[in-house]
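Engineer: Listed below are the residues making up each chain.
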Amino acid sequence: MPHTHTQDTLVGLFVAAGIASLFFLGLQVSNLSSFSHGNTYEITANFSNSGGLKVKSAVSAAGVKIGSVKAITFDSKTFESVVKMDIDAQYKTLPDDVTASVYTAGLLGEQYVSLDGGGSDEYLKNGSKIEITNSALVLEKALGQFLFKSAEEKKATPVDDKKGRK
Amino acid sequence: MEFFRCLGAGTRASFTKLGRASFFLISILAGISSVLVRPRLLLKQLHSVGVLSFLIITISGLFVGMVLGLQGYYILSRFGAEETLGVMVAASLVRELGPVVAALLFAGRAGSALTAEIGLMKATEQLSGMEMMAIDPIKRIISPRFLAGFLSMPLLAALFSAVGIIGGQIVGSGLLGVDDGAYWSQMRANLDFQDDIINGVIKSIVFGFVTSWIALFEGYDAIPTAEGVSRATTRTVVNSAFSILGLDFILTALMFGDN
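Chains as they are written, first to last, in the numbering used here: chain A, 1 to 166; chain B, 1001 to 1259.
The set of hints was computed from the structure by calculation and includes no laboratory data.
For every residue, glycine included, the Cβ atom is placed at its ideal position computed from N, Cα and C.
Careful: at least some of the hints might be erroneous.
Below are the DMTMM-like pairs computed for lysine to aspartate or glutamate, each with C-alpha atoms no more than 25 Å apart in a straight line [said to hold, decoys possible]:
id, chain 1, residue 1, chain 2, residue 2
1, A, K65, B, D1192
2, A, K84, A, D116
3, A, K70, B, D1192
Beta-carbon label-pair distances, calculated as ranges [what the hints assert, rightly or not]:
id, chain 1, residue 1, chain 2, residue 2, range
4, A, S76, B, R1020, 50 to 60 Å
5, B, I1135, A, T9, 25 to 35 Å
6, B, L1175, A, T78, 52 to 62 Å
7, A, A20, B, L1025, 23 to 33 Å
8, B, F1249, A, L137, 36 to 46 Å
9, A, K154, B, R1078, 31 to 41 Å
10, B, S1034, A, T4, 21 to 31 Å
11, B, G1008, A, L27, 52 to 62 Å
12, A, S135, B, R1109, 50 to 60 Å
Just chain A, same shape as in the assembly:
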């Protein structure tokens, strides 16, 4: 094929289509556009157990994602998990007495931090610490306690007849 303008146009279209699909993947498919990394402020919360929380897990208030978990470290003095969170700067009027809880989205879903309640006039600032926290519900622990409790109950009421209780 000789050097023609058609060839130039076709190559141009090809490169444009490739770059456009990269943009499509970046903006439509991944979470690049959904959360700005630019303007955030950092808050900390100590949990006695942060469960399956991971870096980049969502931080939400009233079900709306307002930030993400930045780092999870273990404090060897207090035996607590220290969770650092980046909150989007546009949500700067969170009262400083909110409760941070680790919840699970759905029965088998991912874990996330939920910020609820609070009525203080003071707002959370960069570097603030949330005092009131609820730990993650660890399913095995809850099941273990439940089984232990039902076994105790059975022991307490002697099984003297074959009818028993259900």
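Since the structure of chain A is provided, determine the placement of chain B on it from the hints.
Structural biologist: Positioned in the frame of chain A, the structure of chain B alone reads:
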């Protein structure tokens, strides 16, 4: 005794070939600077390597995405999780199928053409003729083709993934009744730009590099007869497929092994 002699000769021949291929690669890379001075050569090769692969990549991508949509829906609906269809389609396309299938198609469509072209140039002594005229065939013929393959591959893989995701959406929310909003929002919530998309692009860059290298070397190293060229073309497709799949395993283990 004869067996051991053949084994030794075979081993030695394959190492010699690997060595020749490495020197060839170095001289291609050294020749790239002269391509940048003459972008016309590159443009022509981008047309024959990239633009002409455009259609097969787009159509295959569309169908692969549609099949993923169907199969994914079938499995996910058993667990009542058909809302996550978008995540499944997008993750499997962006991480694996996009780079790998696009590279396999690229090896079959463009790699074999490159080998046959270079092999025939060698068989008809065009390469020797160029050397007679003091034109370096590596700089003039090989390097532009290598650069074109190397640049086209990530673009083609991205195109494959993007079209596949749209194909999955056509089947998922168009035919099977998955909620359109859930398809996109779940995808956006679960796919990471750095971890998924950039890693997929890195994979396709590596595959483009290896496939172009193999195709050009097999052509350049072909026995200059009709049979030699045909064998070289076959070896291009076979070796490219092996290298793509083997490298894919290694790259996946490096990129996604820790989580």
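Engineer: Does each hint hold? Answer for all of them.
Structural biologist: Checked hints:
no.	hint	in the structure
1	K65/A with D1192/B	holds (16 Å)
2	K84/A with D116/A	holds (17 Å)
3	K70/A with D1192/B	holds (15 Å)
4	S76/A with R1020/B: 50 to 60 Å	holds (58 Å)
5	I1135/B with T9/A: 25 to 35 Å	holds (29 Å)
6	L1175/B with T78/A: 52 to 62 Å	holds (55 Å)
7	A20/A with L1025/B: 23 to 33 Å	holds (32 Å)
8	F1249/B with L137/A: 36 to 46 Å	holds (38 Å)
9	K154/A with R1078/B: 31 to 41 Å	holds (37 Å)
10	S1034/B with T4/A: 21 to 31 Å	holds (24 Å)
11	G1008/B with L27/A: 52 to 62 Å	holds (57 Å)
12	S135/A with R1109/B: 50 to 60 Å	holds (56 Å)
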